[in-house]
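There are 2 protein chains.
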Amino acid sequence: MIEIGRRAKVAARAMAGASSAVKDEALAGIARALEEAADAILDANTADLERGESEGLSRALLDRLTLTPERISQIAGAVRDVIALPDPVGEVIGGTRRPNGLDIVEVRVPLGVVAMIYEARPNVTVDAAALCIKSGNACILRGSRTAIESNKALARLIRHAIVEAGLPEDAVQLVEDTSHESVAELMRMRGYVDVLIPRGGADLIRNVVEGASVPVIETGVGNCHVYVDASADVSKAIPIVINAKTHRPSVCNAAESVLVHRAVADDVMPKLLAELAARGVEVRGDDATRAYSDVVVAATDDDYRAEFLDLTISVKVVGSLDEAIEHINAYGTLHTEAIVTEDYGAAQRFAAEVDAACVMINASTRFADGGEFGLGAEIGISTQKLHARGPFALEALTTSKYVVRGSGQVRE
Amino acid sequence: MIEIGRRAKVAARAMAGASSAVKDEALAGIARALEEAADAILDANTADLERGESEGLSRALLDRLTLTPERISQIAGAVRDVIALPDPVGEVIGGTRRPNGLDIVEVRVPLGVVAMIYEARPNVTVDAAALCIKSGNACILRGSRTAIESNKALARLIRHAIVEAGLPEDAVQLVEDTSHESVAELMRMRGYVDVLIPRGGADLIRNVVEGASVPVIETGVGNCHVYVDASADVSKAIPIVINAKTHRPSVCNAAESVLVHRAVADDVMPKLLAELAARGVEVRGDDATRAYSDVVVAATDDDYRAEFLDLTISVKVVGSLDEAIEHINAYGTLHTEAIVTEDYGAAQRFAAEVDAACVMINASTRFADGGEFGLGAEIGISTQKLHARGPFALEALTTSKYVVRGSGQVRE
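Quick note, the sequences are listed as chains A and B, same order. To convert a position in the first sequence, counted from 1, into the working numbering, add 977. To convert a position in the second sequence, counted from 1, into the working numbering, add 977.
Simulated from the structure, these hints should not be mistaken for laboratory data. One should not assume that every hint holds.
One copy or two, it doesn't matter: identical chains are merged, so the pair holds either way.
Straight-line Cα separation of at most 20 Å, DMTMM-like style, residue types lysine to aspartate or glutamate; simulated pairs [unchecked claim]:
#1 K986 / D1299
#2 K1213 / D1080
#3 K1213 / E1389
#4 K1129 / E980
#5 K986 / E1146
#6 K986 / E1300
#7 K1129 / D1040
#8 K1248 / E1259
#9 K1129 / D1016
#10 K986 / D1332
#11 K1129 / D1154
#12 K986 / E1303
Predicted model, so just to flag it, every value in this text is computed and none were measured.
For reference, chain A alone in the conformation it holds in the complex (with noise of 0.2 Å):
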């Protein structure tokens, strides 16, 4: 692995000087082999499958690992974005001329060497090593073992094509050895690796986050709330809620929780319990939730914790805006968290004193996503506050660098 580190930082230096036209090059390249080798992709990815289907892997697992021709060209196409986008080297970030006559520039760099730990799905082996290219950095990817056939013929195909742009072969690497051995050695490789970013679930992320001693980006785990007010119009509550619950269940940034105040839970409750459980939503209330349905199991205090990723939800009545917000502020976890509102002074109150990366004000807590957001493209979603928060993407790639330009000053 030491060797692994080695090669990367050799290569980051390359990298760290390339022009735009050449990592666009790569990225170009890269696209083309995606289509051309599809077959090629596609054999690996049923070897992953069949391996998978003989050790019994989750539907939902198969799903997420199955590559077809159609979400090869989907990545293909994603690479194209990346493309598009703007490269963030070299940029100025700010500037003076010192009374000493000293010039300083903060100027926009490549980290260096970035680390991934990520599951099943190998679009990612794609979408990371296409926004290291295009930062600059150099990359070391590890991924799972269910995946490793298919990330083995996508990270041959990637260092082909950017040896054809006339990039180092190891800017790219894949971590073959997918063992935990390897996940542990890859976040104690100071010097080698400066930054890693640990996406999957909540197991993987807090062993990275407790066991590094490079710097971690912390990413992902989600369990977001969606507050509905006193003042709240119901019929954007009730669409918000659903679609913040069960529109893609799996994912960080759907709702876990749901928060009702008492003047509307009236209004709201039947209604909303209705519509989860057409949709076949378990629903986890407290008392005052299960006085208006019978089915609604009693919540624990790990419920209210929960990151279900699954089509069951916590549900609670509240008295007031501050108990929602204290309620949030304990229970999640700085990523989403949504008010439903249309009192002015509720929505500024949320806004600013619950702690999340990201606020929505009368809007589904889907939206929390890099191509929703923009940017054009996501790494992953912070939910740290150091350096990236909320989605973050091409710019959390990239550190600053002084340079100072003098005449000979000493200092007096």
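Once you've looked at the hints, dock chain B against the given chain A.
Chain B only, in chain A's frame:
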């Protein structure tokens, strides 16, 4: 310690909503109180100094620990400088209206709870508190045992002043337990501490980086080089090296190593070695350097890695700009690196290819400093690449939050 974290979290919510006027009033109160209570602070400091002397602390440590009436008014002056800085909180960093009508605004918000672990100097207690107050954060300050009485006196006065201004007392908390356990607990306080900033020696920083589960901004270790290029103007090179090494040898932006291009070694070395010797600097060099002087000790690989923080320097003759860049990227600590050159291309390549927070061209490494960069204050110098790089202050104590305003949008 968890209780301290809990109180900080409550205070952080009030601080996030505090107006600039109230925060500045608190800072003005602190500056006033420092001057009015100077005698009590000096008494507490005397207690620390007496205990330090009886325990045999080094002269250098005792000096860093010592407060005088002049130093106290400098500290008060630094607080007034922070008042003059613009409040970063509430700044709109960006925003857009999406095709579906969602208005997305990215706004600067405080981090929340900032924890700081630092060594002897009691002024850090005031500087850190002032920057955290201005940026709307609550802070947890864990100073060293050697300064505990001074820190307690300062914290008392700070807490009194912030309460007078209407802010919560627990916005500034001093950890009075100065055992190793309090450091160990602080760095694992996920859910309470949003960022931990260690400021001190290499051992403290390594310890924190290796063991922390909360996000960390790494500061300060500086194995800074001055590279004297083939085209260097010798009349600039000698003063820059002498200034970088001897102006204040105990700080992180002092030079620890000099690389001299072979082409100018005959010109530079005799003069440089004589000047260093005249200032009592011990030189450890390679064979080529030792050919110029009998008193140069043979350098080991460890010498080239060392942050001496003292009147010792490593010297090496290199054959090319490439060799200099490679040496720096292998032995440097990503802090500050200088080149002395009259060659445009060499300056450009050095600035682009050296991996460091600050690159100095024809200027002393000693300029890598918040004050010298015009930031108005400094909480440390970041040697990591995430979030903040180089000298950092108020802005690094903030994060951002996306506020999305809609009218009932759901995702299709």
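Check the structure against each numbered hint from earlier and tell me which ones fail, lowest number first. Every hint satisfied by this model.
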